[in-house]
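Undergrad: Residue numbers (this note's numbering), protein chains in the order written: chain A, 661 to 869; chain B, 1320 to 1428.
Rather than coming from a laboratory, the hints here were simulated on the basis of the structure. Beta carbons are placed, not taken as given, at the ideal position from N, Cα and C, and that holds for glycine. Incorrect hints may have been included.
Estimated spans, in silico, between C-beta atoms of each pair [claimed, not checked]:
hint : chain 1 : residue 1 : chain 2 : residue 2 : range
1    : A       : 719       : B       : 1334      : 38 to 44 Å
2    : A       : 867       : B       : 1401      : 38 to 44 Å
3    : B       : 1351      : A       : 681       : 36 to 42 Å
Among the chain B residues that face chain A by a calculated CB cut under 7 Å, a handful are [as the list claims (entries may be wrong)]:
hint : residue
4    : 1363
5    : 1384
6    : 1394
The list that follows gives simulated cross-link-like pairs (lysine to any residue, SDA-like), each with its CA atoms no further than 25 Å apart [claimed, not checked]:
hint : chain 1 : residue 1 : chain 2 : residue 2
7    : A       : 867       : B       : 1354
8    : B       : 1388      : A       : 692
9    : A       : 757       : B       : 1337
10   : B       : 1388      : A       : 754
11   : A       : 867       : B       : 1351
12   : A       : 761       : B       : 1343
13   : A       : 686       : B       : 1377
14   : B       : 1340      : B       : 1395
The lines below spell out each chain.
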Amino acid sequence: MTKEAQAPLTGVWSGGGAPPLTSSKKLGMWLFIVSDTLTFSAILLAYSYLRLANPDWPRPFAFYPGIMKSFGMTLVLLLSSLTMVLGVAAMNRNDRKATVKWILATAAGGVIFVVLHMTEWFTLFHEGYTPWSNPEGVPLFGATFFGTTGLHMLHVSIGVIYLLVMAAGISRNKFTAEDVEVSGLYWHFVDLVWMFVFPMIYLMSIKLR
Amino acid sequence: MSAHGNESSGHQAGSSSLFLKVWIVLAVLTGIEVLLGYEQLAPVTMLTILVLLSVFKAGLIIAYFMHMKYERISLFFALVPATVFCIMMICIFFFPDSLRILQLGTGLR
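Full structure from sequences and hints, please.
TA: In structure tokens, the structure reads:
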């Protein structure tokens, strides 16, 4: 990495410098994030129109446990973003011990999120909301709800594995500050997606009294 | 977002207290969204407001947590306009066609 950074960035005719003067790792993660953004955009746009076109869209989320639990999940994920930022800052200070601590805290946030999410899914299963059917007879709800939140949960789970690998490596003196920053980009992106999923899916389906 | 772009080429990351403030703003906005969920608004209005709030939150996350504010401005121009353009294209080509379903009346149910 230092070799690349110190290589003279010569004129355009010899390839020039990377236009945003960003390392290839970071740019690569950003490009992945862009493509993933478009995946989730397409899914959420498809959901929006199904939601708006359907006057009897199911509203299974009561104040408790539905909304309170998903609000708590949102806060846990947001909090894990904060610990990730602190982890990146610690690694920039070259404090590997603190970095491992913060990254493990971030991963723990991810695990809590997934566990809460699974219990919430099982509550819905018990109430008759499955990916294929529900009491309102609008199977599209199951398809969009479990599809979107499931894809997001997959991202969180992959993120937890990614963070655990990072934490193990950092404690054995592997990885640079930039690698931690790149893993942080991924984690914040997962958080960012949830910032759309939570209002668009949960808050649009609050159970009316 | 661009104001600091030329100020530093390295990582002059914000302080912990700045990140804490950003976090509090994000949490408060989420709380406002939840309260809004209990207002009996028309679904279109409600979805519009929620998405706009979420876009603002996403901007905060990208600018501060993802350090975009502290990167070169060229990285921003390399990534964000193209993404926004693509999302706009999905909207433009997707929604007019999708409205046919409304004209099919209750055919969906």
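Undergrad: Each hint should be assessed against the structure and marked as holding or not.
TA: We went through each hint and held it up to the structure:
With their beta carbons about 43 Å apart, residue 719 of chain A and residue 1334 of chain B fall inside the hinted range of 38 to 44 Å. For residue 867 of chain A and residue 1401 of chain B, the hinted distance range of 38 to 44 Å is satisfied, since their beta carbons lie about 40 Å from each other. Separation of residue 1351 of chain B from residue 681 of chain A is about 38 Å and conforms to the stated range, judged on CB atoms against 36 to 42 Å. Taking 7 Å as the C-beta cut-off, the interface hint given for residue 1363 of chain B holds, the closest approach to chain A being about 6 Å.
For residue 1384 of chain B, the shortest C-beta to C-beta distance to chain A is roughly 5 Å, which falls under 7 Å, so the interface hint holds. Taken as an interface hint, residue 1394 of chain B checks out: its beta carbon lies about 4 Å from the nearest beta carbon of chain A, inside 7 Å. Of the pairs offered as hints, the one joining residue 867 of chain A and residue 1354 of chain B holds, with about 14 Å between alpha carbons and a cut-off of 25 Å not exceeded. Distance restraint check for residue 1388 of chain B and residue 692 of chain A: the Cα-Cα separation of roughly 19 Å lies within the 25 Å cut-off, and the hinted pair is therefore satisfied.
For the hint pairing residue 757 of chain A with residue 1337 of chain B, the CA-to-CA distance comes to about 23 Å; that is within 25 Å, so the pair holds. With a C-alpha separation of about 22 Å, the suggested pair residue 1388 of chain B and residue 754 of chain A falls inside the 25 Å cut-off, and the hint holds. A C-alpha spacing of about 18 Å is found between residue 867 of chain A and residue 1351 of chain B, which places the hinted pair at or below 25 Å, so the restraint holds. About 22 Å separates the Cα atoms of residue 761 of chain A and residue 1343 of chain B, which keeps this hinted pair within 25 Å; it holds.
For the proposed pair residue 686 of chain A and residue 1377 of chain B, the alpha carbon gap of about 19 Å is at most 25 Å, so the pair holds. A distance of roughly 23 Å separates the Cα atoms of residue 1340 of chain B and residue 1395 of chain B; the hinted pair therefore holds under the 25 Å criterion.
Violation of the numbered hints given earlier is absent; every hint is satisfied by the structure.
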